[in-house]
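Starting from the known structure of chain Z, arrange chain Y on it as the hints suggest.
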Amino acid sequence: MKKVKNYNWALVLPIYAFTILFVLIPLIYIVVLSLLRKDILWGVTNEFTLQNYRKMFDPVYLRTFADSLGLAFGTTVITVLMGYPFGYFMAKLAPKRRAFVMLLVVVPFWTNALVRIYGWMIILRAKGVLNHLLMSLGLIDTPLKILYTYGAVLLGMVYSLLPFMILPVYTSVEKMDWSLVEAARDLGANAAQAFLTVTLKLTLPGVLSGFVLVFVPSIGLFFISDLLGGGKIMLVGNLIKNQLMQARDWPFGAALSVVMMIMTFAIIFLYRKLTHSSDLEEFF
Amino acid sequence: MKRKKFHPSSLYLCAVLLLMYLPVVMVVIYSFNASKSDVQWAGFTLGWYQKMIHNESLMDALRNSLVLGVSSCAISAVIGTVGAVGLAQSDFKTKGLLENVAMLPIMIPEIILGMVFLAFFSFLGLPFGMITLIIAHTAFCIPYIFIVVKGRLAGIDRSIGEAARDLGASEMRMFFDITLPLIAPAILSGSLLAFAMSLDDVVISFFVTGAQTNTLPIKIYSQIKLGVSPEINALCTVMLALTFLLILLSGALTKTKKGKPIKPTISKEANQ
Numbered sequence: 254m255k256k257v258k259n260y261n262w263a264l265v266l267p268i269y270a271f272t273i274l275f276v277l278i279p280l281i282y283i284v285v286l287s288l289l290r291k292d293i294l295w296g297v298t299n300e301f302t303l304q305n306y307r308k309m310f311d312p313v314y315l316r317t318f319a320d321s322l323g324l325a326f327g328t329t330v331i332t333v334l335m336g337y338p339f340g341y342f343m344a345k346l347a348p349k350r351r352a353f354v355m356l357l358v359v360v361p362f363w364t365n366a367l368v369r370i371y372g373w374m375i376i377l378r379a380k381g382v383l384n385h386l387l388m389s390l391g392l393i394d395t396p397l398k399i400l401y402t403y404g405a406v407l408l409g410m411v412y413s414l415l416p417f418m419i420l421p422v423y424t425s426v427e428k429m430d431w432s433l434v435e436a437a438r439d440l441g442a443n444a445a446q447a448f449l450t451v452t453l454k455l456t457l458p459g460v461l462s463g464f465v466l467v468f469v470p471s472i473g474l475f476f477i478s479d480l481l482g483g484g485k486i487m488l489v490g491n492l493i494k495n496q497l498m499q500a501r502d503w504p505f506g507a508a509l510s511v512v513m514m515i516m517t518f519a520i521i522f523l524y525r526k527l528t529h530s531s532d533l534e535e536f537f
Numbered sequence: 050m051k052r053k054k055f056h057p058s059s060l061y062l063c064a065v066l067l068l069m070y071l072p073v074v075m076v077v078i079y080s081f082n083a084s085k086s087d088v089q090w091a092g093f094t095l096g097w098y099q100k101m102i103h104n105e106s107l108m109d110a111l112r113n114s115l116v117l118g119v120s121s122c123a124i125s126a127v128i129g130t131v132g133a134v135g136l137a138q139s140d141f142k143t144k145g146l147l148e149n150v151a152m153l154p155i156m157i158p159e160i161i162l163g164m165v166f167l168a169f170f171s172f173l174g175l176p177f178g179m180i181t182l183i184i185a186h187t188a189f190c191i192p193y194i195f196i197v198v199k200g201r202l203a204g205i206d207r208s209i210g211e212a213a214r215d216l217g218a219s220e221m222r223m224f225f226d227i228t229l230p231l232i233a234p235a236i237l238s239g240s241l242l243a244f245a246m247s248l249d250d251v252v253i254s255f256f257v258t259g260a261q262t263n264t265l266p267i268k269i270y271s272q273i274k275l276g277v278s279p280e281i282n283a284l285c286t287v288m289l290a291l292t293f294l295l296i297l298l299s300g301a302l303t304k305t306k307k308g309k310p311i312k313p314t315i316s317k318e319a320n321q
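Same order as they appear, the protein sequences are chains Z and Y.
Residue numbers are given in the working numbering: position 5 of the first sequence equals residue 258, and the series is strictly consecutive.
Residue numbers are given in the working numbering: position 179 of the second sequence equals residue 228, and the series is strictly consecutive.
Isolated chain Y, as found in the complex:
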């Protein structure tokens, strides 16, 4: 085979990608810089990480974010999966409309969703804090899991399930023995995506978090409004590391038998 010639368009692709990753790289590099405020390199240090670990309020925010991510992810995984399975089997005339309703939370701009939650929760008199955060995050996590699972379901050969039914399996048995194992990777990768979204969310959390409960992004937001500090660099690097771990996990989970990875997130096949 002839080696492909170098094309000038590659240069453009590289330049844009470089620009995309430059700020992220900067955050990581400066989290190891010994100097507090200067741009000049003053030697390698892990001091900022040490400081971060001993910062009680930061660790508190980290804990909150993890609890929030795991619980909203778990609740929405159940609701989203069951919903996608139900919708795939149904032949309602109103299917399209119902699907639009399910997708509503990610069609509305985030800021409006945040304000809607704030107003409605205070109308209901719910105390702002972890409960309101979990409800809000569950609401916007459901569509992600719903899309991914729905996409996977569409790719399943229906005859397998029908064969199981013909052989006498109950509807329940068919779901647990056939459908669930087939869609399990999709549920997991959808959940990881939802978890990442929950871990990243600033706008919606900003509105529904109480005065007492901080999530990690909210904490970072209030700190960087005051300016640049190396401790925040360290914290951001930890968040990046967490995210990359999620991406790797999701990539490993969505590998098909041929070893060809499915696109890690928002995949096009979902709507087809």
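Extracted from the complex, chain Z is given alone in its bound form:
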């Protein structure tokens, strides 16, 4: 028996060695980096400071955080409103059709996010498909400015993250015990009451799981705001990217990442507390 155990350790060693060496240790390094003072030109000194964290309270950066969280929140609300009915209806389809719709929802996971965002650029730009359509219908005279606006970024976010809401909602509706809804109806609840008091409550874990899967990535998807917002809409993701690639203030970039990471883990922790589940298992 002893021998088997040793053998197992050898099997799991590579995965942990790799993850610890290339993910866990670098994460710790980032935390250290965020506490170091930036050198005048570039690089870091060995001096510890909290200045990088203090810098975030500058109104400019606070504004970025507020905008970014606002956009993430808006994205999440819209994906719930669109994704919940979708997941719900999908779960009620006949098995064959359901499998087909599931395939259609899953395919975007595989296709390149850039390509799909690029498709929206073709549709939304000034000389694009949508303006062309509206003008030939006689609804407008001059092309509307749609691309490079806040609305376009919101659209791109919702569009990219919608499947992450649909799937967990679908899973929770599918495994729901419908006899409870029937019981509610038998006891005199109307359809709306039964939905609000039974169905919604039972599928809430799915919605919460979707919330995590949509909210967390939407803080960091810098390329969507770059491409559809034309660089005018600044998100935390863009800020981190700029600190690293342009401003070359790595300690500040690291501090921003640490704060974002803490926010992420707080959200996941809260999710686990609320749903008493150890994983985002509605999804995986």
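These are calculated hints, taken from the structure and not from any lab test.
Errors might be hidden in some of the hints.
[To be verified] Where chain Y lies over chain Z, by a calculated footprint (3+ residues, C-beta under 8 Å): (1) 308 to 317; (2) 435 to 444.
[Claimed, not checked] Simulated restraints on C-beta separations: (3) Leu386/Z / Leu229/Y: 54 to 62 Å; (4) Val119/Y / Arg501/Z: 41 to 49 Å; (5) Gln446/Z / Pro230/Y: 47 to 55 Å; (6) Leu298/Y / Ala444/Z: 38 to 46 Å; (7) Leu315/Z / Ile102/Y: 48 to 56 Å; (8) Thr450/Z / Ala218/Y: 35 to 43 Å; (9) Val74/Y / Lys454/Z: 33 to 41 Å; (10) Pro230/Y / Glu300/Z: 53 to 61 Å; (11) Val119/Y / Glu300/Z: 41 to 49 Å; (12) Ile102/Y / Lys454/Z: 29 to 37 Å.
Source: prediction; values computed, not measured.
Built from N, CA and C at the ideal position, the CB exists for glycine as well.
Using the frame of chain Z, we list chain Y on its own:
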């Protein structure tokens, strides 16, 4: 059997799906449009594809992406599979914690992982380029293969392996004769998913790619920042075609004996 009535909810499902696929369809259609910048249809052409093939830097990026995808996928397939097998047989008390560590790369937002890699690799003094790309991609590919293989392992009847052991097979022999054939489809479909993720990745590659090495998505990103061009449409269409090929392959691989396909990706059974 009574034919199912048409339900208004189907209309909603169709509308959302249509919206989901509209941009993709646009990219494909306009890659065949003869006009360079106009939305109006000016005739069918394959000219943009020709131009694309003769564009040395685009082809270079395509080659890099394929090399990167194949190598990171192969490395992570070995590490992820072996890890999942080891974990399935073990009864460590710390199993849960260890699993969380293994999943870390896909729990952290991509942008942070990218920045972490950038900072750490330059701290180590690694030259940015293919090596750093492979390490980074391997790191985020491992969890995908790990999840899929772990899910498959959980569904295997343990008594088959025990029977083999009782009949005198060594641990090694049991793995290669029993376990491996049973989990092979899962390894393959996990690898295909990982390959697709590697082929698609923009955010992490953006941080760890050097000035000299372009991957296809990085190249596309820098081009579409400048605006819309039909050559990029052609390139995007090629990428889409590649992806659909992967999906079909994966679908064929995960078909069970009854002919019922398992959900192509991220499957729910993995955690159960």
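Right, here's what the structure says about each hint:
1. 308 to 317: With 0 residues in contact (Cβ-Cβ under 8 Å with chain Y), the coverage given for the region 308 to 317 of chain Z is violated.
2. 435 to 444: n = 0 at 8 Å, threshold three: violated.
3. Leu386/Z / Leu229/Y: 54 to 62 Å: With a Cβ separation near 55 Å, Leu386/Z and Leu229/Y satisfy 54 to 62 Å, so the hint holds.
4. Val119/Y / Arg501/Z: 41 to 49 Å: 34 Å Cβ-Cβ, so the 41 to 49 Å window is violated.
5. Gln446/Z / Pro230/Y: 47 to 55 Å: holds (53 Å)
6. Leu298/Y / Ala444/Z: 38 to 46 Å: holds (44 Å)
7. Leu315/Z / Ile102/Y: 48 to 56 Å: This hint holds: roughly 49 Å between Cβ atoms.
8. Thr450/Z / Ala218/Y: 35 to 43 Å: violated (56 Å)
9. Val74/Y / Lys454/Z: 33 to 41 Å: With Cβ atoms ~39 Å apart, the hint holds.
10. Pro230/Y / Glu300/Z: 53 to 61 Å: holds (59 Å)
11. Val119/Y / Glu300/Z: 41 to 49 Å: Since the Cβ atoms of Val119/Y and Glu300/Z sit about 45 Å apart, the hinted range of 41 to 49 Å holds.
12. Ile102/Y / Lys454/Z: 29 to 37 Å: Since Ile102/Y and Lys454/Z have Cβ atoms about 57 Å apart, the given range 29 to 37 Å is violated.
Against the hints set out earlier in the document, violations occur for numbers 1, 2, 4, 8 and 12.
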